[in-house]
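Chemist: With the hints as constraints, model all of the structure from the sequences given.
One-letter residues, chain by chain:
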Amino acid sequence: MESRRVHWLPEITRAEVRAKEEKGERPPLSKMAVCIAVIAKENYPLYIKSVPTENELKFHYTVHTSLDVVDEKISAMGKALVDQRELYLGLLYPTEDYKVYGYVTNSKVKFVMVVDSSNTALRDNEIRSMFRKLHNSYTDVMCNPFYNPGDQIQSRAFDNIVTSMMVQVC
Amino acid sequence: MSPSQWDFPVELCCRPMAFVTLTGLDVVYNAVHRAVWDAFCANRRADRVPISFKVLPGDHEYPKCRTKRTSYEWYIPKGILKTGWMNKHLNLVPALVVVFYELDWDEPQWKEKQSECATRVEIVRQSLQGRNTKVAVVLIQKKTPLPPGEDVIASERAAALCNACDLSGKSLFVLPHTDHLVGYIIRLENAFYEHAQTYYYTEIRRVKSHKEYLNKTTHQLLFVRHQFKIAFFSELKQDTQNALKNYRTAYNLVHELRAHETNMLEIKTMAGFINYKICRLCFQHNTPLDAIAQFRKHIDLCKKKIGSAELAFEHAAWMSKQFQAFGDLFDEAIKLGLTAIQTQNPGFYYQQAAYYAQERKQLANMLCNHEPATIYPNPDPLETQTGVLDFYGQRPWRQGILSFDLNDPEKEKLGILALQLKEKKVPHSELTITLLSNAVAQFKKYKCPRMKSHLMVQMGEEYYYAKDYTKALKLLDYVLCDYRSEGWWTLLTSILITALKCAYLMAQIKDYITYSLELLGRASTLKEDQKSRIEKNLIKVLMNENPDPEPDCDPVSVKAAQKLWADRVSLSGSNIFTIEVQEFVPFVQCKAKFISPSFHIDSPVQFDIFVKADCPHPIRFSKLCVSFNNQEYNQYCVMEEVYQKSETLESSIQETLCLIPGKTKKFTFKFVAKTEDVGKKIEITSVDLLLGNETGRCVILNWHGGGGDAASAQEALLAARSFKRRPKLPDNEVHWDSLTVQASTMIISRVPNISVQLSHEPPALTNEMYCLIVTIQSHEKTVAKDVKLTAGLKPGQDANLTQKTHVTLNGAEMCDDSYPALLTDIPVGDLQPDEKLEKTIYIHCGTVGTRMFLVYVSYLVSATIEGKEILCKCHRDETVTIETVFPFDVTAKFVSTKFEHLDKVFADIPFLLMTDILSASPWALTIVTSQLQLSPSMAPVDQLESYVENVVLQTGESASECFCLRCPPVTTGQGGVATGCYVITWKRTSAVKSTLVVNTVITLPHVIVESIPLHVNADLPSFGRVRESLPVKYHLQNKTNLVQDVEVSVEPSDAFMFSGLKQIRLRILPGTEQEMLYNFYPLMAGYQPLPSLNINLLRFPLFTNQMLRRFIPTHIFVKPQGRQPDDASIAAA
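First to last, the protein sequences are chains A and B. Quick note: the first sequence, position 126, residue 126 per this note's numbering, numbers continuous. Just so we're on the same page, this note's numbering is the position in the second sequence counted from 1, plus 170.
Accuracy of the hints is not assured; some may be wrong.
As the list claims (entries may be wrong) - Pairs of lysine-lysine residues, derived as PhoX-like cross-links and limited to a Cα-Cα distance of at most 25 Å, are as follows:
1. 614(B) x 41(A)
2. 73(A) x 617(B)
3. 697(B) x 108(A)
4. 697(B) x 763(B)
5. 99(A) x 473(B)
6. 58(A) x 473(B)
7. 614(B) x 73(A)
8. 99(A) x 467(B)
9. 474(B) x 617(B)
10. 697(B) x 58(A)
11. 49(A) x 697(B)
12. 614(B) x 99(A)
13. 475(B) x 99(A)
14. 252(B) x 238(B)
15. 898(B) x 73(A)
16. 283(B) x 312(B)
17. 58(A) x 615(B)
18. 281(B) x 58(A)
19. 58(A) x 41(A)
20. 99(A) x 133(A)
21. 1289(B) x 58(A)
22. 617(B) x 99(A)
23. 617(B) x 58(A)
24. 99(A) x 615(B)
25. 133(A) x 108(A)
26. 637(B) x 58(A)
As the list claims (entries may be wrong) - Each pair of labels, with its calculated beta carbon distance range:
27. 905(B) x 107(A): 26 to 32 Å
28. 76(A) x 469(B): 53 to 59 Å
29. 107(A) x 1037(B): 55 to 61 Å
30. 107(A) x 469(B): 38 to 44 Å
These are computed hints drawn from the structure, not numbers from a lab. For each residue, glycine too, the CB sits at the ideal point set by N, CA and C.
Modeler: Here it is, written out as structure tokens:
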């Protein structure tokens, strides 16, 4: 129950986001991630989607290993200032081919995004807003009374958001 | 491992140090020379100058110096850097040659020695012709030299020697062979170091001077070469800043070279070398970020420079080496004090090196899959005449050819073939595994457990490819639990598939079964068809048959495995495997649940075992058994199915132990608990499910406790959180998620069927024998045997209460401390059905307070359950809380005979003791009697008899007594005089006659006694009458041992006339008494003040009239005169 309550208070209310979108302030979110994952507080995957062309297993491993850095970053943040804490964790670690970014909600649900290293057009700010968009969508999933917190995410709306952020390989 | 083509040469990786050769030292036979040499090379710590010394004979031939080119116009370089160049300047061409020569200044044969020395120098010079190498001479002398300037011969001869040897004075040294050898040596080597630096400086200048002759078209390679040489000489000179600068320039120049497939390898090799040097120096300068940036740049520049497609594996090998070398440099820097972080540590470079090593293997597999008949070309195109290459990174079959066109394509083909065939023999997996294990060690250090696990999986897989299945399985098995515990089922499944292959290929039956069980289970993400295949294989194994091979296995290994499996079948060894289930997620789940958390002994213990299978096909088990902490019960909880041998495991669904996938099956067990287990916990310690039978193979799935495996705890948590409504199921089916495990139950005694009633009159009064009547009535159908009563203070309360509480059955006797606080197991006998029994218990409470009393009745009764007769022990207990209060409050006070309050009494003068008994009991009390027990220091004035005998006090009522006492004079201390005790004998008014009376002793307060010099008492009637004479006699008693002078005066009062001595001065002898007689004549009626008697003691000024007032009356009541004067009054008038 506790975890549920936290999700009712997203950092940016959905209304705000919608207002921004209407004004056309939305950052140009092109399709750029190659893998997006949502990880539960207990570190098991709630949702993983990667571009279909590449080895899915590899991305699972990439996301899983990135949790080392997420754990470390969370423990470094400590318990202080839970409210004002930055949820965006930044670049977790670079590999030869990919950059891995992390984001953690107040209830310790993690979002991990893998981006192609060659994609230099993607700035930190864009990544940040992508995560925020993802968080809002995740909040919608949590608000669904039929969704049981801790279960795999099977929402079509969430899926669409994720797909919109992923590289469309023809 | 022997150094491969890709390893960096030693001379590149070492730290360049100035090279100095020492000649003229015979370190084998000459002890002095040996000592000198030892002093040079032993104990070279960091604070010594960086020189590498070498002892060479005086006539050693140094590498010849090629004639210097005056013009580069027609010179075309054949490569970038010669393979021998670095070694030449590190180990062959010295910066300084030192000639050691034994010569003292006072040498008698000076001339001869001098010329010999000059010859030696000359020989060295000859050998070094054309080089800038310096020469120095060290004279080893036996004598300690005099301070400079004092030894005239020495300075003369030194000048002469310099002249003869053509040396500057700075190059001649003296080494006295004395006690301070090491000190001299250190000074010497510092001097050598300066010479060496000058040498390398001139070398740098020399190389730089070539630059102006070069042109950009034909001499591109030379730009790189010269820049590299300048940097290398700077390093030798220990000028690392300039070295770094020059290496950086060299690096940029390398990438400016025209690259083509033919020279790509040379360019990459040199780029790799220079990059290595740059990174190394950056780490040395403690600028690790520069090193990392350089390395990233290097990789980005070179990543795409694959070169010949047919030799693409070479690029991967080169890349792998670059990462590995950087990882090594990084690690070395850390060992020297650099701090790395989780996201930037050598592990990433090793990991990437391993990645390229894997790629190299794949490329090699792709490019080197020649026909087995392909023969290695002869003559070997990789052989060179000298056995080594002239230039780094060139092809042996076309060394020094700069043209981009292949003038001999046939030769090129053979060369490539030779390289490919050679690559085939490289132990790729071994290389990869080494790199991976390096990376594992790093990630372990930098808190990356998941990265570590991932790398271990890769290592395991690499071992699998290398056909080392034992090691592969060991590694994979090690990490499985990490992925399992975090619930990454996709990854777990992928690892399990490899593990299953390993287990199959080694015919490890137990592992094979374990992995199959998990791959069939709910944690597996395998598709149904795969699961189905695995299940069939599992059944085959259990039927003692060979399983089908796993897909995509190496065919040779499969053949070997099939043979192994066949051997296993014929082998009749142990075919029973016990598998602990809680460590993984098998395809059968089990939950045990006692129907109730506790059972009475007279009802059967019941529990259910729920089992559910997740595999694709129905499966039949042969046996289900449950074990308990008390193994006696195990025999009652076994379910076995006997079936014919011929039947297969997938049998008809109707059978009890056949599980249909997804359906929960319930097995109910029932047994009667043992009477000795009453009050104990019955726990299910394990549930065993047998798969297969003894004729084939048999697997025992063992659940610890009441079921549950590696994943069930998390599932239970989720299920508990879930808000989902579960659809309704038919009555006999249950939702698996809604089932909770209840693995233990309590056995509690039979419900007692007797009543215990307590009757008493609370509160209890201190020290009384409080009467508690226990009434026990049996409602049992049969005789309650062996009834026992335990009564008294409930254990576990304050220890003081235990000492101050006593319980007895005998009310006729007062309790003392020997009585217990709790009477245990008082036999009461048997109780017939409906029989009633009464028992009186007396409780003696010595202190006030609240106490809990326990009345516990136990008995035996026989009962029948499930056709079994058992003797049950039943008990009923009652607890009662009783307050103990004081029966009454007693106060005692001292007053004077005038009933005035006294805070002290005067010796020998009577006073009154008043006691007050205030009843505090809610029940009426009868005071049987009271008694004053005086202490020896007190004496009664009259009879001490009780005035309160048989007085009944209701709540709040009080009874008082008054005793007249006198205290003989004492020499008192501070504390006063003990008065004595007051004993009240009482009982409850309601108590029967036989009840014991209680004696309550109250200790009376101490009183302060003071002596007084003079005591006055007055004899006067109780009242007077107006105009009637009132005689008053004052007695003055001297209480001292002295003769007292007393002044007595009487002050008149308005109400009286009086006769007697108005003022007198008299003496009273010790112990005697003086009487004063007065006749008062009252004038007014009412309560009138008497004429006051004033006494003044001359010896005791402290004795005041105030004190006197205590003893003698000050007022008297005067009655008015009668109306009818009688005779007496007339007579008086």
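Chemist: Each hint should be assessed against the structure and marked as holding or not.
Modeler: Results for each hint:
1. 614(B) x 41(A): Holds - the C-alpha atoms of residue 41(A) and residue 614(B) are around 23 Å apart, at most 25 Å.
2. 73(A) x 617(B): holds (12 Å)
3. 697(B) x 108(A): Judged against 25 Å, a Cα distance of about 32 Å means the pair is violated.
4. 697(B) x 763(B): Given that 25 Å is the threshold and the Cα spacing comes to 32 Å, the pair is violated.
5. 99(A) x 473(B): holds (17 Å)
6. 58(A) x 473(B): Since the Cα atoms of residue 58(A) and residue 473(B) sit roughly 21 Å apart, the hinted pair holds (cutoff 25 Å).
7. 614(B) x 73(A): With a Cα-Cα distance of about 17 Å, the restraint between residue 614(B) and residue 73(A) holds, given a limit of 25 Å.
8. 99(A) x 467(B): holds (17 Å)
9. 474(B) x 617(B): violated (33 Å)
10. 697(B) x 58(A): With Cα atoms ~19 Å apart, residue 697(B) and residue 58(A) stay inside 25 Å; holds.
11. 49(A) x 697(B): holds (19 Å)
12. 614(B) x 99(A): holds (22 Å)
13. 475(B) x 99(A): holds (23 Å)
14. 252(B) x 238(B): holds (17 Å)
15. 898(B) x 73(A): Distance of about 46 Å is beyond 25 Å: violated.
16. 283(B) x 312(B): Holds: residue 283(B) and residue 312(B) sit about 15 Å apart, inside 25 Å.
17. 58(A) x 615(B): holds (24 Å)
18. 281(B) x 58(A): Not satisfied, since the Cα-Cα distance of roughly 84 Å exceeds 25 Å.
19. 58(A) x 41(A): holds (22 Å)
20. 99(A) x 133(A): holds (19 Å)
21. 1289(B) x 58(A): violated (128 Å)
22. 617(B) x 99(A): holds (20 Å)
23. 617(B) x 58(A): holds (21 Å)
24. 99(A) x 615(B): Judged against 25 Å, a Cα distance of about 23 Å means the pair holds.
25. 133(A) x 108(A): The hint holds at about 17 Å.
26. 637(B) x 58(A): This hinted pair holds, its Cα atoms lying about 23 Å apart.
27. 905(B) x 107(A): 26 to 32 Å: holds (28 Å)
28. 76(A) x 469(B): 53 to 59 Å: violated (29 Å)
29. 107(A) x 1037(B): 55 to 61 Å: holds (58 Å)
30. 107(A) x 469(B): 38 to 44 Å: holds (39 Å)
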